[in-house]
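Line order of the protein sequences matches chains G and U. Just so it is clear: in the first sequence, position 68 is 579 by our numbering, and no numbers are missing. Just so it is clear: in the second sequence, position 2 is 210 by our numbering, and no numbers are missing.
A portion of the hints provided could be inaccurate.
If the Cβ cut is set under 8 Å, some of the chain U residues that face chain G in the computed set are [stated by the list, open to error]:
id : residue
1  : S212
2  : P218
3  : A231
4  : T250
5  : R253
6  : R255
7  : S289
8  : S291
9  : R317
10 : E322
11 : H434
12 : V455
13 : F457
14 : T461
15 : L462
16 : A466
FYI, nobody ran anything at the bench for these hints, they're computed from the structure. Positions of the beta carbon are idealized from the N, C-alpha and C atoms, including for glycine.
The primary structure of each chain is shown beneath.
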Amino acid sequence: METKHHIFCGGVSPQNTGADTTKLVLNLWQNRPETNVRLTIEHLHEKLYKTIPAQFHDLLEIAAYVYCGDHALKRGALDVQTLGANWRRRMHFHIPVRRLSLWNDPKINTVLRQTLDYLSDDYYDFSFYSAKDAPLLQDYFTGFDTGTLPKQKPEQVMMFSGGLDSLAGAIEEIVVKKRMVTLVNHQSTPKFKKLYETLGKGLMDKCGDMKPLHLRVEINKAQSLNKEYTQRARSFLYASLGATVAMMLDVRKLCFYENGIVSLNLPVCAQVIGGRATRTTHPRVLAELQELFSLLAGEKFTVDNPFLWNTKGEVVKKIMAANCGPLIASSRSCAHTWETTNEHTHCGVCSQCIDRRFGVVAAEAEEFDPLRQYAVDVFTQSAPKDADKIMGAAYLEKAIQFETAKEVPQFIADNPEVRRMLRYVEGTPTGVAGRVMELHQHHAKEVTGALKTLLGRNLDGVIKATLPPDCLLRISYETGSPTTMPAVTENGNALPTTSAEAKTNPDLPMPRYLLRRGAGLWKVIYDGKEGEIDLGRGISLVAYLLFNPPPGGLHGTELANRVFGQEILQEASLGADGDSTRRKIEKEAIKWNAVMKDPGASESEKAEALEELQNLADSLNVTRMDSEGGADKQVRAIRRAIDRLIEKLRDAKDRKNNPHMALRAFGEHLHKHLWIPSSRFSGTSRSRARAGVAGQFTYERPADVVWVE
Amino acid sequence: MGHSRIGTLPATKKWREVVSLVANGADEAQIADAVMAAAGKTLARVRDDAGFREAIRLIMQLALAGSSRNPAAELAAAGISLSKNSTQVDMVLSIGDEYDRRIEDARQRSDFSEVAQGALVGAVTELLNKKELNQGTLFEAAGDDVTAAIKQLKQPRNFGQFFQNFVGGISNGLLKMYLSRTNGTQMGEGKRFATTNQLRQFESAMKTHCHESSKIVEKFAADWIHKYRDRSASGISREKAEGFGWVAFRKMTLELAARARKHGD
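This is chain G alone, in the form it adopts within the complex (with noise of 0.2 Å):
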């Protein structure tokens, strides 16, 4: 059973809530002692400011410190090993609430429940205590706006998150469609406040007399609470925003635009289960939204998506039809926000770039979304991480696979997640589902079109492979030359391209550098002469560097990232499981250390037992280092990891126990070639260690040598 979550919120007292469970204590209400969280609504008009329900206030403090505790609570690392138990959370929120008997209903906090539970793939509970010295609504809005009013009252009000769909949405209601809305915008990091202050702006301009109301909601909360990053719960909080905005201005209906492909958001690829892909948007949620502010106002509250028939590329048509591709440049729809800089405002290589990338190419308005606002051009240009490459692959085979569905029984069984949304969209399930199927087959022929003309472009780059081998338009394009696929022998372990295999076979000239991984050790070629060398961090941390040298150097947070991926970092990082990864290494350690002292164990059970536990000292050293918050120390480990190869391959010898050419020469290689930060961490003189490039990690690449993967 996952550990429990107990989250007191707005001053209710901490209980005693058991074994196996965490506390954590949240309060938005200003000038109290243990205040953490801050709600901020700005710029609405003060003659539109007027007081709503109770319950609304109530809703709009429940969503605060969901959207905190999702922020605050981190999901457990080791999906793979636990099946997912870990990633979904089990939180217990007690909140004082004006409206205690309302929210004590059965049928409202159900309700409320099952839309959490649903939205962010975890397990959500609520108390409700009846509060006491409650705050006014209006002590969460500043600065009201003073100006002239819009002549018209608004029809309904948007979720304008500044991206491309939502974009599209506001110009399709305010330019197209000439109606009175209110855009209401949730800045969850201060980063895009000036791209969203010149896409307002740009908008504005368009609008002619029909300038909306453009609201924004900021919630500051503090540092220690900013730990899980998946906030899967947030659009709870925006469209609770949305439903009080909406209350006070006397509307009864709220939009988000998103295109159908994202909403529904069918996972990707088989790992990606429930949660995993978002639900911000899908239907159900939507519906079930519907249901919860209905029951708070006790009327008829719309939600809705009108873009949920829609593809990327139609979405981004509209905006082009309106003679608005120039705001294209100033939206924003990256997932990585934490990658993203003044200078590339999207990574490139997340979902919702890849997305973005092949519906601009289909609606043939790639002249308003510069190539150079993203960090990695993913068509031609290799993803940096393992799980982005995985995520370029998924999309495009996804997209090819929806192509070719013919049947929509066999769709759904192929997409299991399609029925989940079938009973939320008016029409007969099976007419839904047929029109999920077309949707989706419009999709993949939007991405096959754009594919065309991208690979129209750059055929020169794929045939001659002049572009890296993984990006996305060599991947995608089958030249019809024989299979590069490795030989491999019947046990499936065999390494291609050994100096025996280019002996046998002269058309494979065998390369003077070459470094490979292969099954339980790695095949290395320097100078022509050949060596193997044990699995180990220190030789994946420096083959990452060898075959991707960064110019200015890499940080070692960022190296130990890109090489052990997600899952080591994650494993690394518990934060409140730490203790107990802690102890499940040690546990594991104290099994290979026996093997060690073995008598009857062999020599190549005790070599694995050595390696096991070399392993296991570094997933130590990064958990505690991680805990105890330090980048420094996680630099430190990793270049003891690095240091403990070299001077290991500098000292190698044959099965003959003669000095071992090969390895010594790329042992002398590496440490004249490989920079490693040094001053501040090694304690020793480092030729190789340069002044201003503290935690940074390099590879100068000598000219005559040239390294084969």
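Dock chain U against chain G, hints included.
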């Protein structure tokens, strides 16, 4: 606003071996066996997985409905609605809804429960798709065809095939779940999969391998249902059904290992 969380395989020795086998071009039998070996301890949890147990319960309900004079009434008692106008999609939806309702009420979702529901939907679709029953009209038309399809399960041989599809689907779903954490990193000229087309071919070969391997449970399931279905007026106990499901799953993993050895010889 939609995105997906993607991860890679853990860096333990056994999972590194799986990655290595994929990278070095091992065949699907060897890879499947290595994955099952790496996931060994984790798969032991399957026996108690709420989703797996619920899938087995629904399969038994379908089997009992198949031999009942009134399948619709039998299914209704199990929470599955079947009317004269039910289409194939309606039937799949009804079974899926009941599955979700139980798991959500118990609040015991797991990755395996999702794999199991996918396999269940796949097996039911296959059952309802039988050409000799509906000549391809089932999508549009009606409950009689759906009822006729359910009634096929009265024959132990048909139940065996249906259950085989379920077990094959679970195995393939699990393998895909794990391998999707590494296959995408093996893309590009000079690597295991030069193009997405090659990856597709590999996945197709793996699906076929799972289906062929699942033959091991076909006769076992047919014999089992023949032996137990008519013994008790109250049907098959949940405990007995779950025990049967677990044994079948174990048989499947052992078969995958045996086929890998055969390929290696």
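Now for the hints, and whether the structure bears them out:
1. S212: Holds, because the Cβ-Cβ distance from S212(U) to chain G comes to roughly 5 Å (cut-off 8 Å).
2. P218: holds (5 Å)
3. A231: holds (7 Å)
4. T250: Holds, about 6 Å.
5. R253: Holds, because the Cβ-Cβ distance from R253(U) to chain G comes to roughly 6 Å (cut-off 8 Å).
6. R255: violated (12 Å)
7. S289: violated (12 Å)
8. S291: At 13 Å from the nearest chain G Cβ, S291(U) fails the 8 Å test, so the hint is violated.
9. R317: Check passed: Cβ of R317(U) comes within 6 Å of chain G, closer than 8 Å.
10. E322: holds (5 Å)
11. H434: violated (27 Å)
12. V455: violated (20 Å)
13. F457: Since chain G brings no Cβ nearer than about 14 Å to F457(U), farther than 8 Å, the hint is violated.
14. T461: violated (15 Å)
15. L462: For L462(U), the interface hint is violated, since the closest Cβ of chain G sits about 20 Å away, which is over 8 Å.
16. A466: violated (16 Å)
The earlier numbered hints that this structure contradicts are 6, 7, 8, 11, 12, 13, 14, 15, 16.
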